[in-house]
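Visitor: Each chain is listed here by its residues.
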Amino acid sequence: MAQALDPQEPVDYIVGHLEEALACDERVNEQGLHVTVHGRRIFVDGTVSTKERHAAVAEIVAELLPDWSLVNQATVADFPEPSDMEALS
Amino acid sequence: MIRVAAVGDVHVGTDSHDTLRPHWAHLDDRADLFLLAGDLTKRGLPEEALVLADELRGLRVPVVAVLGNHDYESDREKEVVDILAEAGVRVLEGTSVVIDVGGQTVGVAGAKGFGGGFPGAMGSDFGEPEMKAFMRHSRTVADGLEAALREVRHCDTCIALMHYSPVEGTLRGERLEIWPFLGCYFLAEAVDRAGADLAVHGHAHGGSEKGVTPGGVHVRNVAQPVLRMAYTLLCLGAPADDSELGCAAEADAVQEAAR
Ligand SMILES: [Fe+2]
Ligand SMILES: [Fe+2]
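Residue numbers (the working numbering), protein chains in the order written: chain A, 1 to 89; chain B, 90 to 348.
Next comes chain A alone, as it looks inside the complex:
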């Protein structure tokens, strides 16, 4: 369980702590997630590898900022095989 943040902190620090938690918490470990904050709404963008990690983003955010809301816009990597090939000269 991640330790809750001080919601009174300047928003820049909140963003920093959230991004750090998503990178380092073993439930997600994703450095490529981008966090923005509008009022008490948190937006997360980027790609995670599995649906379990997508759900864990919400878990971690709820532990850090229990009363804030999350808009989890991260996509789960479930990509199809390519339909073309690049010929390099």
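Source of the hints: derived by calculation from the structure; they are not laboratory data.
Hints are not guaranteed to be accurate.
Said to hold, decoys possible - Stretch-level coverage of chain B by chain A, calculated; a stretch enters the list once three of its residues show a Cβ under 8 Å from a Cβ in chain A:
1. 94-106
2. 148-157
3. 205-212
4. 287-299
5. 332-339
None of the values given here were measured: they were computed from a predicted structure.
Built from N, CA and C at the ideal position, the CB exists for glycine as well.
Since the structure of chain A is provided, determine the placement of chain B with the ligands on it from the hints.
Guide: Frame of chain A, contents of chain B with the ligands only:
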């Protein structure tokens, strides 16, 4: 002619069972070689490497990999390498491998690479020991890549495989401020000095796919979030003989089959 499939940043965890294998179904038919450009696992644990080995099981295409920063997280990268080697994956770090594809040789030289930045916006081997260690690590791995590339120069086709980016071109889309953490020009210099037909990397999830070194070598960022595909397919070189189709015809065939 050689058909290369490549992907990076699959970040396999214990929650990744059966997430990759279904999307690798046509690999054996479409590619002569499968490159994995680092961040193979989520946190560099043996149990994660076992999941990846399981996802790769049954593939006949030769698999060549380098580790990424995620694969070092738990200080158990040696165990990760051993598990993957056991599964038939050639894991490179300042080393190379030569693969025979229908009588033509393909040399792959690999190294993780590191950050450091690009001319005009980079770190220096100067000041605090931590800063020196950062830049020296970048230098060491780039030197390893160059030495490994020189081992395979005689091959018909020569590929440099790394995790961090050798050029800025494939970082476009990432915030400019983090570029020095995403790659280093030492890697491009190594590629240009030793010579290669293609350089492949991952790590820059928000970057772009295509770039070129200052010396004119193709660079492809194959991080899965960039590709938004299970892997990319590249075709290099001339047909080995009259019976073989060229790359353009191969590309047409893939498109036709996908229709
Ligand atoms: Fe990655
Ligand atoms: Fe990475």
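Visitor: A separate judgement is required for each hint: does it hold in the structure or not?
Guide: Evaluated hints:
Figure legend: the stretch 94-106 of chain B, annotated as covered by chain A; annotation consistent (6 residues with Cβ-Cβ distances under 8 Å, at least 3 required). With 0 residues carrying a beta carbon less than 8 Å from a beta carbon of chain A, the stretch 148-157 of chain B misses the three-residue requirement, and the given coverage is violated. Restraint check on the stretch 205-212 of chain B versus chain A: 0 residues with Cβ-Cβ distances below 8 Å, three needed, restraint violated. Remark: the stretch 287-299 of chain B is confirmed as covered by chain A, as 3 of its residues place a Cβ nearer than 8 Å to a Cβ of that chain, reaching the required three.
Proximity of the stretch 332-339 of chain B to chain A, defined as three or more residues with a beta carbon under 8 Å from a beta carbon of that chain, is established by the 4 residues found.
Checked against the numbered hints above, the structure breaks hints 2 and 3 and satisfies the rest.
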